[in-house]
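Student: Protein chains in written order, with numbering that gives the first Met the number 0: chain A, 0 to 547; chain B, 0 to 547.
Some hints here could point you the wrong way.
Derived list of chain B stretches under chain A, where covered just means 3 residues or more per stretch with a C-beta under 8 angstroms from a C-beta of chain A [said to hold, decoys possible]: (1) 165 to 175; (2) 498 to 506.
In silico EDC-like cross-links for lysine to aspartate or glutamate, where the CA-CA straight-line distance does not exceed 16 angstroms [said to hold, decoys possible]: (3) Lys405/A / Asp431/A; (4) Lys176/A / Asp417/B; (5) Lys405/B / Glu364/B; (6) Lys176/A / Glu187/A; (7) Lys405/B / Glu437/B; (8) Lys405/B / Glu429/B; (9) Lys41/A / Glu29/A; (10) Lys176/A / Glu29/B; (11) Lys41/B / Glu29/B; (12) Lys405/A / Glu436/A; (13) Lys176/B / Asp12/A; (14) Lys176/B / Glu29/A.
Treat the hints as calculated values from the structure; they're not laboratory data. What you are looking at is a predicted structure, and each value in this text was computed from that prediction instead of being measured. For glycine and all other residues, C-beta sits at the position ideal for the given N, C-alpha and C.
Number of protein chains: 2
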Amino acid sequence: MTDLFNRHRALLDRALTALQTREYWAPFPEVPSGKIYGETAKAEGDAAFSALLGQPFALPGHPESARLGSEQSPFGPAIRITYPAAEPAALIAAAQTAAPALAAATPETRVGICLEALIRLNSHSFLMANATMHSTGQAFAMAFQAGGPHAQDRGLEAVALAYAEMTRFAAVARWEKPQGKAAPIVLEKHWALVPAGIALTIGCNTFPTWNSYPGLFASLATGNPVIVKPHPAAILPLALTVRVLREVLTEADLPADAVLLAVDAPGAEVTQQLATDPAVKLVDYTGSSAFGAWLRGKARQAHLFTEEAGVNTVTIAATDDFAGMCANLAFSLSLYSGQMCTAPQTIFVPQGGIDTDQGHRSFDEVAQALADAIDALLADPGRAAGIAGAIANPATLARLEAMGSKGRVIRASAPLGDGRTASPMLLAVEADDPISEEECFGPITLIAACDTADDAISRAAALARAKGAITAALYDTDESRITRAIAAFTAAGVNLSINLTGNIYVNQSAAFSDFHVTGVNPAGTACLTDPAFIAPRFRRVMWRRPAA
Amino acid sequence: MTDLFNRHRALLDRALTALQTREYWAPFPEVPSGKIYGETAKAEGDAAFSALLGQPFALPGHPESARLGSEQSPFGPAIRITYPAAEPAALIAAAQTAAPALAAATPETRVGICLEALIRLNSHSFLMANATMHSTGQAFAMAFQAGGPHAQDRGLEAVALAYAEMTRFAAVARWEKPQGKAAPIVLEKHWALVPAGIALTIGCNTFPTWNSYPGLFASLATGNPVIVKPHPAAILPLALTVRVLREVLTEADLPADAVLLAVDAPGAEVTQQLATDPAVKLVDYTGSSAFGAWLRGKARQAHLFTEEAGVNTVTIAATDDFAGMCANLAFSLSLYSGQMCTAPQTIFVPQGGIDTDQGHRSFDEVAQALADAIDALLADPGRAAGIAGAIANPATLARLEAMGSKGRVIRASAPLGDGRTASPMLLAVEADDPISEEECFGPITLIAACDTADDAISRAAALARAKGAITAALYDTDESRITRAIAAFTAAGVNLSINLTGNIYVNQSAAFSDFHVTGVNPAGTACLTDPAFIAPRFRRVMWRRPAA
Chain A
0 MTDLFNRHRA
10 LLDRALTALQ
20 TREYWAPFPE
30 VPSGKIYGET
40 AKAEGDAAFS
50 ALLGQPFALP
60 GHPESARLGS
70 EQSPFGPAIR
80 ITYPAAEPAA
90 LIAAAQTAAP
100 ALAAATPETR
110 VGICLEALIR
120 LNSHSFLMAN
130 ATMHSTGQAF
140 AMAFQAGGPH
150 AQDRGLEAVA
160 LAYAEMTRFA
170 AVARWEKPQG
180 KAAPIVLEKH
190 WALVPAGIAL
200 TIGCNTFPTW
210 NSYPGLFASL
220 ATGNPVIVKP
230 HPAAILPLAL
240 TVRVLREVLT
250 EADLPADAVL
260 LAVDAPGAEV
270 TQQLATDPAV
280 KLVDYTGSSA
290 FGAWLRGKAR
300 QAHLFTEEAG
310 VNTVTIAATD
320 DFAGMCANLA
330 FSLSLYSGQM
340 CTAPQTIFVP
350 QGGIDTDQGH
360 RSFDEVAQAL
370 ADAIDALLAD
380 PGRAAGIAGA
390 IANPATLARL
400 EAMGSKGRVI
410 RASAPLGDGR
420 TASPMLLAVE
430 ADDPISEEEC
440 FGPITLIAAC
450 DTADDAISRA
460 AALARAKGAI
470 TAALYDTDES
480 RITRAIAAFT
490 AAGVNLSINL
500 TGNIYVNQSA
510 AFSDFHVTGV
520 NPAGTACLTD
530 PAFIAPRFRR
540 VMWRRPAA
Chain B
0 MTDLFNRHRA
10 LLDRALTALQ
20 TREYWAPFPE
30 VPSGKIYGET
40 AKAEGDAAFS
50 ALLGQPFALP
60 GHPESARLGS
70 EQSPFGPAIR
80 ITYPAAEPAA
90 LIAAAQTAAP
100 ALAAATPETR
110 VGICLEALIR
120 LNSHSFLMAN
130 ATMHSTGQAF
140 AMAFQAGGPH
150 AQDRGLEAVA
160 LAYAEMTRFA
170 AVARWEKPQG
180 KAAPIVLEKH
190 WALVPAGIAL
200 TIGCNTFPTW
210 NSYPGLFASL
220 ATGNPVIVKP
230 HPAAILPLAL
240 TVRVLREVLT
250 EADLPADAVL
260 LAVDAPGAEV
270 TQQLATDPAV
280 KLVDYTGSSA
290 FGAWLRGKAR
300 QAHLFTEEAG
310 VNTVTIAATD
320 DFAGMCANLA
330 FSLSLYSGQM
340 CTAPQTIFVP
350 QGGIDTDQGH
360 RSFDEVAQAL
370 ADAIDALLAD
380 PGRAAGIAGA
390 IANPATLARL
400 EAMGSKGRVI
410 RASAPLGDGR
420 TASPMLLAVE
430 ADDPISEEEC
440 FGPITLIAAC
450 DTADDAISRA
460 AALARAKGAI
470 TAALYDTDES
480 RITRAIAAFT
490 AAGVNLSINL
500 TGNIYVNQSA
510 AFSDFHVTGV
520 NPAGTACLTD
530 PAFIAPRFRR
540 VMWRRPAA
């Protein structure tokens with residue numbers, strides 16, 4: 000089955016080039032257009048999704064001792080799909096049975112399978128968009144991108160770097176050591192790649208595919224059977240993924256059980272049991288810092304790759320495009336109702352206000368302008384629904400409710416469109432108020448008054464160090480202060496976006512260019528995708544003997 | 000100071016080629032010859048060593064609140080050198096003070112410093128040989144190689160791979176995203192390398208430089224200040240190393256405290272305090288599995304790279320060169336009295352004996368032939384002393400004494416030459432006897448009778464999985480069985496040497512070719528030197544803004 004590898008070789012080579020140059024490259028088109036995906040693709044995806052609803056989900060040959068599944072769309076409808084579920088021990092056993100054949104396959108075979116699966120997943124992007132929309136609450140366009148092509152890009156990125164790592168050093172060498180006038184010592188040496196063990200990918204509710212694909216595909220490409228454990232509220236996107244992978248594995252004469260689905264029910268999660276199984280050597284996790292800490296304490300037999308919580312900040316020091324800044328931030332705050340790991344939460348503004356192209360603006364004027372920009376962005380209900388989507392987790396609405404009393408309300412949250420929705424709430428607080436340093440997941444923005452722009456920068460950087468941050472944004476016109484800010488945010492290990500206006504947002508992290516999560520601060524250790532994310536997933540073992 | 004980098008650029012490039020091809024390459028000559036190192040080098044090294052004895056060791060500017068040091072040569076003489084010692088908190092503070100400047104230096108500057116230091120250390124190889132000999136008990140020739148050029152090779156290997164990792168991706172990119180008919184979005188992106196934090200290198204008694212250089216140089220090259228914590232019995236080789244590094248750092252206008260020495264006294268070790276300091280993010284450790292487990296449990300803030308204990312095996316299934324095999328193994332068992340992490344310990348032999356070029360040999364005949372080969376090798380007292388050296392730790396002699404009653408003595412241990420010495424003891428045991436699976440560090444070899452050759456292979460592989468192993472040796476003439484053995488040892492994560500005879504030994508691990516320690520079994524996680532050993536030592540942090 001290395002013909003899959005050969006068939007997709009050009010794609011792989013292009014990916015490897017992109018990884019090195021970090022220039023723009025997006026192999027899987029992000030526009031949900033019939034011109035690209037076929038004029039019938041949207042209708043077919045909608046029909047395929049409808050056909051799945053209320054049915055048992057087919058995963059031929061998958062271990063099964065029960066059927067579980069209670070997904071509920073944040074937009075309203077019950078999903079009523081049931082998935083095959085099995086005890087953790089049965090899943091581990093099935094993975095162990097599949098392991099030797101997967102380990103024995105060549106890197107090219109495994110990489111070819113991963114590439115083929117990603118391409119098939121791409122062709123299912125409209126189905127995946129529906130599945131993602133109705134499990135995460137993302138609006139359709141975003142669900143298409145984040146659930147489909149952007150996730151596939153991230154998967155391909157991981158596969159490409161895995162291939163680079165696996166082929167980095169010679170697999171065979173003739174080692175000839177001179178012995179003065181005597182004949183040299185000549186050894187032949189051979190290296191095998193040995194996978195780490197069983198891999199566990201723990202998905203999250205909000206980005207079930209985007210956050211899971213890198214670990215899943217990196218582990219599989221490097222020869223580790225993967226147990227995919229979706230969030231109980233967002234199973235379908237990963238179940239579809241597992242199905243495609245099992246189909247390609249089977250066609251390649253490898254065991255389908257090299258990729259398994261671990262479905263559980265809310266309140267009866269199997270994650271802890273799986274994560275602490277001695278056979279599980281790799282755990283990719285996206286979720287709360289609390290469970291991240293639990294994993295660090297208990298899953299000590301495994302190498303952990305995590306993306307956890309943090310407090311992303313915006314520092315507004317000055318701008319030469321006040322309207323553009325406000326519009327840009329309004330979108331960043333509204334997009335998917337602040338439920339992105341890259342969404343800003345706390346905005347530091349000097350209490351004395353800022354200089355802008357429209358003259359000086361006081362703290363209150365800046366806050367109000369942001370509120371106005373959000374109002375303008377969301378004025379059209381259809382557009383609002385298409386940007387903000389719905390709220391994935393009911394607990395987020397409760398948090399929003401509780402937060403309202405913790406600051407001066409600049410903009411109140413309100414429902415938007417169908418389902419469980421909420422527009423962004425803006426609260427003004429003092430920078431010294433501890434609330435400005437707490438993670439408040441969802442459509443909650445704190446505008447924190449601080450002394451000066453430099454104070455804002457140092458607070459934002461310190462917050463990233465202490466609580467973690469995946470993104471930071473800065474608006475400034477003073478180049479020497481920008482230089483100081485770059486140094487501060489770099490040392491705090493947070494990727495910084497400066498003076499973004501127009502159609503590019505701090506929330507956006509581009510595969511093949513942006514390393515997502517640095518590993519430097521508490522927001523996580525899993526950098527998508529750097530060599531530290533790949534290298535521990537397999538090892539090299541040698542045999543050597545005198546050359547024939 | 001990038002001129003250091005430019006000056007040594009060819010050496011670095013050659014190292015990078017060697018890493019990729021894994022062919023023989025040894026930049027630092029291993030022969031202690033006047034023709035290579037200069038006719039006066041040996042005398043100068045001896046004199047320099049003598050001049051250090053009984054004196055305070057000078058480390059200008061190093062934190063110092065006391066003078067400590069109670070090294071004692073296993074060959075007899077007291078060393079009586081005292082070293083500057085400081086409280087852990089003072090060392091951490093000094094490292095933190097040095098950190099920003101080291102982090103701000105370019106990869107080229109740091110790599111240039113490391114290369115220059117290695118070259119200077121090479122020029123001090125005769126002094127280092129004395130220092131190593133009288134702290135470890137290695138005989139002079141081995142102390143020269145293992146303490147000098149072989150350790151320098153391993154250091155260079157780590158520096159080269161660190162350089163490759165740091166320069167692997169573009170540091171700057173112009174990212175241009177098409178927007179249909181509208182103007183593209185164009186961002187400039189910049190990536191900084193951010194070191195992990197403070198690094199701690201915990202040295203061992205037997206190979207203070209060889210086992211410490213990879214972690215030390217990898218951490219320093221990637222921008223992490225390094226606190227070097229020698230074993231209290233083997234300080235001088237690392238103190239000399241720290242001195243050279245501090246000199247080169249100072250000449251390069253970087254803080255000398257980017258490399259610090261943490262000397263303590265037996266019974267009052269500071270290792271635990273240093274390893275658990277929140278600022279310490281990297282720990283390289285060589286030593287017992289018990290302390291390795293302690294580090295895993297307690298030093299959770301740090302990324303651990305370990306080399307721990309294991310049980311290396313030889314499987315004798317058949318040979319077409321019985322005399323050559325016995326001579327080769329006799330050397331492997333005698334070299335440095337079995338105190339190498341790569342030395343064989345348990346030899347599995349079928350109870351029914353083996354086929355050889357000299358006809359069938361019974362189990363007892365194989366055991367006796369090994370004993371005879373050791374006797375022949377060590378018959379000349381001068382040669383014996385030059386191979387076996389001395390016993391580093393008095394506890395090893397006590398263990399040897401206790402082991403004598405645990406099997407049938409085939410060859411008794413006896414003193415050799417000057418100092419604390421012991422020739423190899425051979426004990427015959429049953430393979431089912433648990434003693435065959437225990438680590439017995441030192442000149443102790445167990446010849447374990449098992450059912451068949453395949454039984455021997457599966458026992459040896461299982462032992463590597465369960466207890467860890469860095470090396471395995473196999474003697475066999477059956478190619479299909481050799482193929483099975485390769486699969487078994489590969490899966491167990493142990494590097495296998497097959498049918499070695501002549502002047503190449505299972506104990507030997509060659510920089511730039513052999514990956515030392517696989518990370519697959521309990522013998523350790525620190526593979527010298529693979530990307531997993533380098534990648535977690537630094538991270539990438541981006542800033543991006545609209546292109547000018």
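Student: Indicate, hint by hint, whether the structure satisfies it.
Tutor: So, going through the hints one by one against the coordinates:
1. 165 to 175: holds (count 7)
2. 498 to 506: holds (count 6)
3. Lys405/A / Asp431/A: holds, 13 angstroms
4. Lys176/A / Asp417/B: Status violated; Cα separation ~33 angstroms.
5. Lys405/B / Glu364/B: Roughly 20 angstroms separates the two Cα atoms, so the pair is violated.
6. Lys176/A / Glu187/A: With Cα atoms ~12 angstroms apart, Lys176/A and Glu187/A stay inside 16 angstroms; holds.
7. Lys405/B / Glu437/B: Given that 16 angstroms is the threshold and the Cα spacing comes to 12 angstroms, the pair holds.
8. Lys405/B / Glu429/B: Holds - the C-alpha atoms of Glu429/B and Lys405/B are around 11 angstroms apart, at most 16 angstroms.
9. Lys41/A / Glu29/A: Cα-Cα ~14 angstroms, so holds.
10. Lys176/A / Glu29/B: Holds, because 12 angstroms separates the two Cα atoms, which is no more than 16 angstroms.
11. Lys41/B / Glu29/B: holds, 14 angstroms
12. Lys405/A / Glu436/A: holds, 13 angstroms
13. Lys176/B / Asp12/A: Given that 16 angstroms is the threshold and the Cα spacing comes to 20 angstroms, the pair is violated.
14. Lys176/B / Glu29/A: holds, 12 angstroms
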